[in-house]
Every structure is written in C-alpha cells, then in structure tokens.
Amino acid sequence: GAVVSQHPSRVICKSGTSVKIECRSLDFQATTMFWYRQFPKKSLMLMATSNEGSKATYEQGVEKDKFLINHASLTLSTLTVTSAHPEDSSFYICSADSPDSENTEAFFGQGTRLTVV
Amino acid sequence: LAKTTQPISMDSYEGQEVNITCSHNNIATNDYITWYQQFPSQGPRFIIQGYKTKVTNEVASLFIPADRKSSTLSLPRVSLSDTAVYYCLVGVLSGGYNKLIFGAGTRLAVHP
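The listed protein sequences derive, respectively, from chains A and B. Per this note's numbering: the first sequence = residues 1 to 117. Per this note's numbering: the second sequence = residues 1 to 112.
Chain B extracted, bound-state conformation (with noise of 0.2 Å):
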C-alpha cells in the first residue's frame, strides 16, 4: 500500500476555497486515491475518490496530475464546519475487500 504525506495542519477562514495537497510517490498502477473526512469522536466519512484527472461531486473536487504522484483535495467556499481531519488514502481492492491504512491526515481549521 502506497504511503502518503500531506499538511499535519491547515489555517483557512469562511468563504474561502481550500486546496489540500497529498503525496503518494509509490502509487501504483491499480490504486485508487480516496479523501475522508472525520470530526472529532465520530468515524470517517468518505468525501471523494478518483483514479486520474478530475472528480467533482457536491462537496468536493479531486484533481490528480498525470502522474498520479499526488492529488489535491479541494474544498471550495469552507465554512466552520468544515474543520476537521481530512485524510488521504492510496490503496486498491485487496482479495476482495477494501483494506485501509490512515496516515496522519490534515487538521483543518477554519477561522470566523
């Protein structure tokens, strides 16, 4: 499974768009790049997924160079609400299931 890095943290203010950025060096050619989103004392919540270029849905955009050697999660117009850890996750579907390894994910704060 391909290991990630991205921010421990991020500073953004209501109204603003977020662009949180992920390397993954060693992806490979099957995996997938998946965005969660937790909030404190709850589980993960998926945001987004993607293979190359761009996803969009109605919360987020995703977009992946050709390279694939990282992605950037994009989170237009944040409210307060959206502070929480997002993390990014590289992996594929492994004997049939889904096995995921959490890196250290992005802390965001989003100010008044």
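With the rest of the complex left out, here is chain A (with noise of 0.2 Å):
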C-alpha cells in the first residue's frame, strides 16, 4: 500500500519556541492531507486539511494562526506549532487518502511525538 512518512518521529522543544512537522507522501501524490492529534488514551482528533496549493481548513476550535499548516507540493505538508506551550505536547499524525479513487482507504504517518518543556 501507499506510505506516508512523517519526520520527526519525536521532538522535545523549549516553551515559545517553533517545531515544524513534516508529512510526506512516499510513493503517490497526494493533494489533501490531514493532521491530527492526540492526547494519552484518547483518540484522535482532526485539526486541519491540507489542500495541495490553497489555504489549509481548520476544525473549528483549532487556532489558524498557533498551528500553521503548509501543502506546498503533491507529496508534502507541514504543520508548524508556533510558540508552542506545555499544553501543545501531544502526539500528532497525519494521514493522506489512498491513491485509487474508487478506495476510500486512508494512510497515516507514524506519528510525532511533542514534547514542549
């Protein structure tokens, strides 16, 4: 199946601080992908879409402007966490529909371990 690859795996930063996550599409084009997150023992929640070459749509209640999300080519998006606090740690995953048009399947990334100090 198709592979979605996100880097890093886990990073720890300083309060106001900036980490940018990257989330990329291996092997297949993807022009719309999802960012999630997801706090300990719960399930995931979605922020955003990533649409390849246009703004980015947020899940109401996610703040635009403390969680940047860039889909600059087919295979990549990034969502940056701007001046990020202690309550920003979470782990955060991204997903991109299947190639195949008649497959509904979704691929994630692994994930990315934030841990803000």
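Hint data in this document are derived by calculation from the structure and do not stem from the laboratory. By construction, the Cβ of each residue, glycine as well, lies at the ideal position given by its N, Cα and C atoms. Any given hint could be a false lead.
Keeping only pairs whose Cα atoms sit at most 25 Å apart, straight-line, the calculated BS3-like set for lysine-lysine is [unchecked claim]:
1. 14(A) x 64(A)
2. 55(A) x 99(B)
3. 64(A) x 99(B)
Computed far set for chain A versus chain B, every beta-carbon distance over 10 Å [said to hold, decoys possible]:
4. 29
5. 46
6. 64
7. 67
8. 68
9. 72
10. 82
11. 87
12. 88
Could you use the hints to bring the two separately framed chains together as a complex?
Written as structure tokens, this is what we have:
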C-alpha cells in the first residue's frame, strides 16, 4: 500500500519556540492531507485539512495562527506549532487518502511525539 | 458524518475469536464502514472496509446486517500482538477526499 512518512518521530522543544513537522507521501501524490492530534489514552482529533496549493481548512476550535499548515507540493505537507506551550505536547499524526479513486482507505504517518518543556 | 458507538474496552485470550460491534444508527446511503487499528505511539492502520453483507481479508472479517445500522469486526484467533485500539468509522468521500472523524474506539487487551 501507499506510504506516508512523518518527520521527526519525536521532538522536544522549549516553551515559546516553534516546531515544524513534515508529512510526506512517499510513493504517490496527495492533493489532500489531514492533520490529527492525539492526547494520551484519547482518540484522534482532526485538526485541519491540508490542501495542496491553497489554504488549509481548520476544524472548529483549532487556532490557524497557532498551527500553521503549508502544503506546498503534492507530496509534502508541514505543520508548524508556533510559540509552543506545554499544553501543546501531544502526538501529531498526518494522513493522506489512497491514490486509487475507487478506494476510500486512508494512509497514516507513524506520528510525531511533541514534548514542550 | 454518522456517529459511531463502540464498547470502550474488551478483553480476550490468545487463540480466541474476538468480535467488536459498532453501532451507527444514522449511517447514510453512501457511507462506507471502515475499521482501523492503532498501536501505542503509532498512526492508525487500515484493517477492513465494507458497504454491506460480509467482507473478509487476510486479517479480519466484517459483518454488516441488511439495515447497516451496525457492523461487527471479527478477528479470528487473536494473539498478543492484536492488543490495540480498534476504531470503527463511517464516512464517504466528500468533495473528493475522505474526511475521517474518529470515535473513542475499543481498547482490546489480549491475555496469554
């Protein structure tokens, strides 16, 4: 199946700094990617839909100026957590749809564990 | 997007068959039913997808009754490595992409 890769898998940053997380579709093009956040023992929460060449669509309650999304190419979307605070510590996961238009399977990255100290 | 309801947790033993049922009373005509598996600190992994009746692949079976208001994921002869969270999702390609909204999932623990 298609492969989605995230980088880094784990990052620790200081409060007030910004962190960039990359999500790449390795063997297919993804015009749309999704970003999720997951707290311990909780389910995935959809943050935003990343659209190649246009602005991201954010879910209600997600600050677009806090979580900057850039989908500059058909294989790369980035999520930047700006001015990070300890409460931003979480597991961030991206996904992309199958390149097969007849298939509704989504492929997920391995996730990025962000710890803000 | 239809809301789904699953048991919060289940326990089983190695070698047993596990059936996880999901309720989706408000499923729409065009909605598919998809199950994902997630291990700790990993992204979810696709298990199986269906629209009606029964679907089987190399890892699981999915049973969907005629009214489609529920579905049952069946894992044959589970092993310790099947300990994970299982999510049932109902949705459809919307605007050309698949927007997935996750419910709470079912935390399956397989014991020796």
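Margin query: Of all the hints numbered above, which does this structure not satisfy? Sort the numbers upward.
Written below: Result: hint 5 breaks, nothing else.
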